[in-house]
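From these two lone chains plus the hints, build me the complex, please.
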Amino acid sequence: MNVLVTSLNDYTIVSIEGRIDTTNANEFEKSIMDVIEGGSVRIILDCSGLNYISSSGLRVFLIALKKMKASKGIYRLCNLQPVIKGIFDVAGFSSIFSIFPNLQRALEG
Amino acid sequence: MDKVLWVDNQIAELTRVEAFLEELGEEWALSMPLIFSLNLVLEEALTNIISYGYDDEDKHTIEIDFKKTDGKLFISIIDDGHLYDPTLKEEPDITISAEERPIGGLGIFLIKKVMDKVEYQRKENKNYLMLTKNIES
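Chains A and B, in that order, give the protein sequences.
So the first sequence is numbered by my numbering: it starts at 953 and just counts up by one.
So the second sequence is numbered by my numbering: it starts at 201 and just counts up by one.
With the rest of the complex left out, here is chain B (with noise of 0.2 Å):
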């Protein structure tokens, strides 16, 4: 089974994207906590990439595939703003004082933890970054 949505880079897609995500949840039979996190995940990534992605004040389109077997969900986020690994984030320490803890950089992080597969490509110019969660299919 496949599934495309298409975002512009504004902040308020987001409101989109949880919707698309709980109609998907109906026709997928995806349970909530599963749908909480990859709406979680969506979130991260793409206000990643609408924050830090892009120089220019132009509207840009990101694309987000969706697809699932028996016993996984893989997602595609394919954008065209500048080079960006995720996967090269260092890890913040959780195990620090409230005090030591930095505010932020926990975006990727989280996605990381909540997926259970993580990789990213550059190819013509664009970043894809492909997330694959193992379900109960």
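The following block holds chain A by itself, in its conformation from the complex (with noise of 0.2 Å):
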């Protein structure tokens, strides 16, 4: 798994890539964690190179949408791979997120 962290127009963009598992998903929660902890108030999650994601992976999506939902933040998703939509239909996670086709929809909210 990569996370690359960027900046474009007042948004902190977050590129994952590979998988997040059992065997990561820490890994990524603190990279997540410290986004969020160094003051960004407004995230995207590109999701293009996430192919796959397990409860682990889940777990931290929500950790921080819980986060950033009590600072009143944006938090938003991006170009999920089908599969990976799939799982977040089947966890109830879909409902909950805000997730966009692409960044550019994504940017615009």
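Among the hints, a few may not be true.
Some chain A residues judged to face chain B by a derived CB distance under 8 Å, without partners named [claimed, not checked]:
1. Leu956
2. Val957
3. Arg1011
4. Ile1015
5. Lys1018
6. Val1035
7. Val1042
8. Ala1043
9. Ile1048
10. Phe1052
11. Asn1054
12. Leu1055
I should point out that these hints are in silico values taken from the structure, not numbers from a laboratory.
Even for Gly, the Cβ is constructed at its ideal location relative to N, Cα and C.
Here's what the structure looks like:
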């Protein structure tokens, strides 16, 4: 897994590549918490390179969502591959996250 | 067609499961979404067994049997950990708001949702978790 953090138009873009599973979910949690605790209030997770996720990874997505909701920040997801979107649907996550088809739409909100 | 994979009770073994499924997918011509589903289901089940199944620090072997017939794929996961019947676990409420959602507790639920049948047996001090997935033959 690789996490790349960039800035674009006042948004912090977190691009995730590879797999998030039980072996590396802690590492992912640290990366995303660093971004949130670093003061980013407008975060977009670009999931175009995310090709596998298990409940360990979903857990981190939810923790970050709760933090961002508590601080009234913006927290959006975009570019979910169909298999990832499928798991979000099954887990009931699609209804609680703001999910956009691509980065441009996510930036527009 | 039958295959068996043995893994130790170590989280690092999940990497080997992933590699095994890649190979199995090629050999049995399984679709990418199906391999994804099987990987997810095995990871959830094994993570539970490895994290909560044992009190001791000893090495334990977990057996995973794969069988494919026309239209069905069967997986049995056999471990010598504590008696644990995941089919009895209460399903989480996935309709409540983000604020109310508990952190975690989705693993078993995902297994039940992704597979078409989930059965459990305790035999000779071992847990047998038997999973069936309907596939296009």
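Now for the hints, and whether the structure bears them out:
For Leu956(A), the interface hint is violated, the least distance from its beta-carbon to any beta-carbon of chain B being 23 Å, above 8 Å. Proximity of Val957(A) to chain B is violated relative to the hint, the smallest CB-CB distance being about 23 Å (cut-off 8 Å). At its closest, the beta carbon of Arg1011(A) sits 5 Å from a beta carbon of chain B; the interface hint therefore holds under the 8 Å criterion. Annotation: Ile1015(A) was flagged as interfacial toward chain B, and the flag holds, the nearest CB pair being 6 Å apart, inside 8 Å.
A hinted interface residue such as Lys1018(A) counts as satisfied when its beta carbon comes closer than 8 Å to some beta carbon of chain B; here the least separation is about 6 Å, so the hint holds. Look at Val1035(A): its Cβ gets to within about 5 Å of chain B, closer than 8 Å, so that hint holds up. Evaluation of the Val1042(A) hint against chain B yields a held restraint, the C-beta minimum of about 5 Å falling below 8 Å. Given hint, Ala1043(A) at the interface with chain B, holds; its Cβ is 6 Å from that chain's nearest Cβ, closer than 8 Å.
Among the interface hints, the one on Ile1048(A) holds; its C-beta lies about 4 Å from the nearest C-beta in chain B, closer than the 8 Å criterion. With 8 Å as the threshold, the beta carbon of Phe1052(A) stays out of range of chain B, its nearest partner Cβ sitting at about 17 Å, so the hint is violated. With 8 Å as the threshold, the beta carbon of Asn1054(A) stays out of range of chain B, its nearest partner Cβ sitting at about 21 Å, so the hint is violated. Evaluation of the Leu1055(A) hint against chain B yields a violated restraint, the C-beta minimum of about 22 Å exceeding 8 Å.
Checked against the numbered hints listed earlier, the structure breaks hints 1, 2, 10, 11, 12; every other hint is satisfied.
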